[in-house]
Structures are given as structure tokens and as C-alpha cells.
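What follows is the residue order along each chain.
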Amino acid sequence: MSSEMVRAHLNLGAVLKNLEVLGDVDAEAARVTEPWRIAVQFTVAFGPEAWLEYSATGCRQDLGRHTNPDVRLLFATPRHLNRMFDGTALPIPLTGFTRLGFLKNEFPKATARLEAVLKPKTDPLEDPALLAANTALTLYTGAFAVRALAATDPVSAGIAAGAPAGTLQLQVLPDGPAAWVSFGKDGVRAGRGLAEAPAARMTFKDLRTAHEVLGGKRDGLSAIGQGDVEVWGMLPLVDSATLIMDRVARFLD
Amino acid sequence: MDPYTFDKTAAWMERASRVIPGGIYGHFGPAPYVPVSAYPFFSDRAEGAYFWDVDGNRFIDYMCAYGPMIQGYRNPVVDAAYRAQMEKCDANSVCAPVMVELAEYMTELIPAADWAFFAKNGADVTNLAVMTARAATGRKKIVAIKGGYHGTSPWMQGPGHHGVIEEDTANIIRIPWNDVEALERVVADNLGQIAGFISSPCHHPIFTDNELPAPHYWERVEALLRANGIVFIIDDVRAGFRLHMGGSCEHYGFRPDLICFCKAIGNGYPISALVGGDALRGDVSKVFHTGSYWYGAGPMAAALANLQELRRINGPRLLRETGELLAAGMVDAARNNGFDLRISGEPSMLYARITDDPTLEMQQRWCGECARRGVFLTSHHNWFVSTAHTRKDIEDTVAVCDEAFKAVRAFYGSGV
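Chains A and B, in that order, are what the protein sequence lines are. Here the first sequence is numbered in my numbering, starting from 1 and rising by one per residue. Here the second sequence is numbered in my numbering, starting from 1 and rising by one per residue.
In case anyone wonders, no lab produced these hints; they're calculated from the structure. Each hint should be verified, as a subset may be incorrect.
[Said to hold, decoys possible] Just so you have them, the derived chain B footprint on chain A, three or more residues with Cβ under 8 angstroms:
id, segment
1, 152-162
2, 213-223
3, 228-237
4, 241-251
Think of the CB as a built atom: it goes at the ideal place given N, C-alpha and C, for glycine as much as any other residue.
Chain A with its partners taken away, still in its complex shape (with noise of 0.2 angstroms):
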């Protein structure tokens, strides 16, 4: 599979499934997207599928296709998507023309606020509500970028399959964001939250080591030694999640 099909994977599966919370972490996406009722189709030729609905409820996202899209969006291959989402090329609209003014002057508002907390031009660590939306979307990228990458570069599936069968708990402390990645027989799969059961922690003990160490500006393995990041369980899982995550710099910058 190319880097580009799987960097096309990886945006839709776990760039773009931010969107579910953003508007949670974010006083000014939740602001522009309340009044949202769209449900999107995003479709690569040959290549993965997903879908976004903003509803009453707020959004929700997932791979596939949605029984009943109001817009349908086609993207010639995948480095078309890539593009889409460093905001250097516009989808081919199949369906929902009278939406169109919708995805040229709204959405791009959602996707910036996304773009603005994910790569902030600031600080985090001089901002706390943005370091709790940095922090948490990033946690959250990871987690599912694991599936994607599980499912999609051979590496990553090379690793999956090593790994034992067990979910592993990401959460930071003392109350903040919770995500957690399963390995299985059937894959991987990956959820925010906390999971039931989880065979391995780990724990970050605030927003700050959480920031540090997921943002690459701290090594992990030192902050294991000094206690800010603890790890519990069934450890080959911690190993497994944290060399896949390792591997969506390859693919996303």
C-alpha cells in the first residue's frame, strides 16, 4: 500500500474522527457547528471511505458509507484527499450542489478551529484551555491512528499481530482525556474513553507530561523513570500501541 493511501487512511480514520469532539474541547467550533444538520460522504477512487453528520446530537464520524448522505464527495485518488487536508485541493461534489456554499464557507471553519488546536501557532503550555484541547485531540489521534495504521501499513500490521490480545488504557491525570486500543484476532479497534476491562495502563500524570511526551518534546522512556508517566499490565501492549504511534510521523506531519 502506498504512503499515500495510507496517510489518506489515516485522515480519514483518525484526523477527521476530532471532529466527533472538537466541539467539546473548543468554545468556538462548538459555537460555528451547533446549528449544523449535514451528513457527508467522503469517497477515495479505490480507496477508503468515511462519512460526518452534524445533527441535533452533534457530529459523529466513521469509516464507510452513510445510508443517506446530503453531500457526496469523490477524490480522484489518495494524495487528492491528502490535499483536501492540508488545504491545497477541493473534492469533486457527486451529490448536494445547493450544499455547496456550505462546504466552501462553513466547513473550512470547523477544520480550521481542528488545524488551530491540533497545530497551534501558541504554546500550549501557556494556554490551559488549549493545552486540554491539544492534549486530548492528540491522544485522541493517536489512539485511532493506531487502527488505521494496523489496518493499512504492513508494518504496523506486523506489529499489531505480535502484540498479546488485550486493550490498553492512555488516560491523563487526574481528570483529563481517556483513549484506549484494542488488539485482537478480528484487529484493532480504538475508542476515546475508558475502556471495561483494559489488560494495560498508561497513565500521564497531568495535561503538561501528557503534552511533552505525546508532542515528542519529552522522551517517554525518562518520563517513565521519573514517575510523571506510569505503566501497568500487560506491557508488550504498551510496547506494541506506542511503536505503531511512533510510525504516524512517516505519514502525517
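Following the hints, put chain B in place on chain A, whose structure we already have.
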């Protein structure tokens, strides 16, 4: 007893984190020590079966430097031989005669050995063994066991590990332990392409029970490899001289082509060895493999004295008895506190695991409580006993284990 505290270890870790990648790298690194707060990471001194950390806490050591210590730290016999050699020379521009004396002794001691080649670390000689197998056969592929560990060279690591590229592991085929049928299939599928088969003599993976060879396993493996011209390599780096002075293959009754030794050879002094039979002497002599410190005479003198002393006192028998005593005491302590402790592997390098603990968290908590009370052992790796561990040490250890089990029970309450 009052559990230990580790203020100075924490301060050293803080300093280390600023100047050393990961704080502490490799297998001494903190990641598998769970919880980190229960363990020391910097030692001040060591003697016999004990070491003292920088906080002044004394530990009965069941990791034995992860294997090198077999006759006690600062063993007087070994250290005297080392010091005597160091008075004369260590590393200089030519070899010292002790290199020949050590090779002569090892070829007399080890039935599979007609020659010996010395290096420093286990990976030096596992690399040499694989290069020799490829040189001798003109083939590329190496068969190894899933979960087997042969060092950190790229071919020995799993795909996806940092710094390892796909080509590094392209010619490594992994099969399950004790599975002769899997080996038969791999040999049939790669006819004429397999240079060597490398395995430890017993299976000692991490995070899971250790396993002994099944009846007739090695006999069948040896016959299959011989029939197909595949070089038979035993990685005895961890188990060597703990099961049998002639190499672990003598304990299990088989004869490999090459044996890799390290850890226990020098009782802590840095030396490793590859030994083999005459059939591969010519091939190994043509492989260019060397290192700046591989001719150091001090560790060779230490190794010679260590092996002689270990043979004199029948070290492997002592280690087995000590290991069996330790295992029995721990199992009893566990049972008395309502836990089931499963012992696996060889008694001299046993692995212990609390059953009904699929996540290993209870195991980690128990090992941590032992460490906080002066018994140094880890939850993920097999332990080692040495000839320096006394009956009193075992009794003290079992008493600590009992306290640690009580602490775990108190933590989990009646839910255990």
C-alpha cells in the same frame, strides 16, 4: 519491616534524564519495573548475593546483573585472578597467553567445543554464529523461535522497531517453541535456503511462563537440521553454566554445531565466547569479526578462574538446589496468603507468576512490594540464583515474600 524509600535514586534519575537517552537505556531502563517507585536504579556497592543502592538499602539480588553474576559479587577467587592479570596487562597490542589457556580449558570442559572465539557481549557471538552459518552454507535464511532473544542487532529485533528496516529481518523465520512440525514445514518450504537454526536451550521469554524442551524435542530438531545441512546454533548466553558445565546441551542431551556463551562466564567481567566443532573451524576462521576490547586479558583470567571454581564446587547442582529451595518457599508463602504462584523454567533461573492475574498487575505489585523490602526481582523476566545465595538468604527472602503477599492482599482486599 518499613518499606524502603528511594530519594537518592530519584535524584540520580533526574540527573540521568538530562544527559542520558531515556535516563537509563536498554534492559536496565525503568520501563518494565512496575511500579517504578518501588525499585532502586543506581547501586553504590555489591558483595556476595547483595547490592546496596545509593539510598543505602540492601537487596538480596535475584537478577544477578541479569545473569553475569553467578558466584557472588566481588568473588574472592575470581577477583584475585582478575587482579593478578591486571597487574601484568589487559588490553595492549598483542594477545596474552591467558586467551589460549581459556580456550584450552573451555574445549576440555565443553564436549561440543574444539575451538573457542572470544568477544565481549552475547550479541557479538550470536552475530558471529549467524555469519559463520551463512559462510559455511552459502545460504541466507535463519530460523529462530518466537519470543526468543539473541541480542539487539537489527536482524534479532522485530520489524517496526526503531532503527530496524524490513530488509534486516527479511531472512529471519520465526517458529513457535517446542514445535518440531513447524520446523519441518519451514525446512520443507525453504529447501536449500536455510543457513542456520538458532535457539536458547530452554525457552525463557519475558512476560510469560518459561518452558522446558518437550521429550525428544532436541533429538528430533538435531536430526532434522543434520539431514538438511542446517547449522545448529545454541544461544546459551543466559543459561550457560547454570545447567551444566559442559553447556546446557549436555543437560538436555544433544549436540549443536555452535554454542554462544556470555553472562556467567566471567562472573561479571566482560567476556563472551563462541565455541564449536572442527567441522566449522575453517569457516569461522574466515569470518572477519573483531572488536577493540576483545583481547582484554583481565576478563579472560577472570573467566578461567570462574569456570574452574564453578566446576570445582559443582555450581550447576548448587544453583539447582538453591533455586528449588527458593521456589518451594515462595510457593508456600503464596499459598499461606491465598495466592497461587506458578513456577516455570529451570530452578536455577526460574520464572514465577501469580495465576488468576491475566494482566500481571498483581504480579507487578507483589514484585514491587518485595523490592521495597529488600528482595530485588522483576515481574517480567526470569530470575537467577547464584552460588553466593545462602540458605539464610532464602529464608529471609521467603519471609519478605510473605510480607509482600500480605501487602498485596491488603491492597486488593477480599477481592483477591
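Going down the list of hints, with the structure as the test:
1. Using a Cβ-Cβ cut-off of 8 angstroms, 5 residues of the segment 152-162 of chain A lie near chain B, which meets the minimum of three, so the contact claim holds.
2. Coverage of the segment 213-223 of chain A by chain B holds [criterion: at least 3 residues with CB-CB distance below 8 angstroms; count 3].
3. Under a criterion of three residues with beta carbons nearer than 8 angstroms to beta carbons of chain B, the stated coverage of the segment 228-237 of chain A is upheld, 7 such residues being counted.
4. Restraint check on the segment 241-251 of chain A versus chain B: 4 residues with Cβ-Cβ distances below 8 angstroms, three needed, restraint holds.
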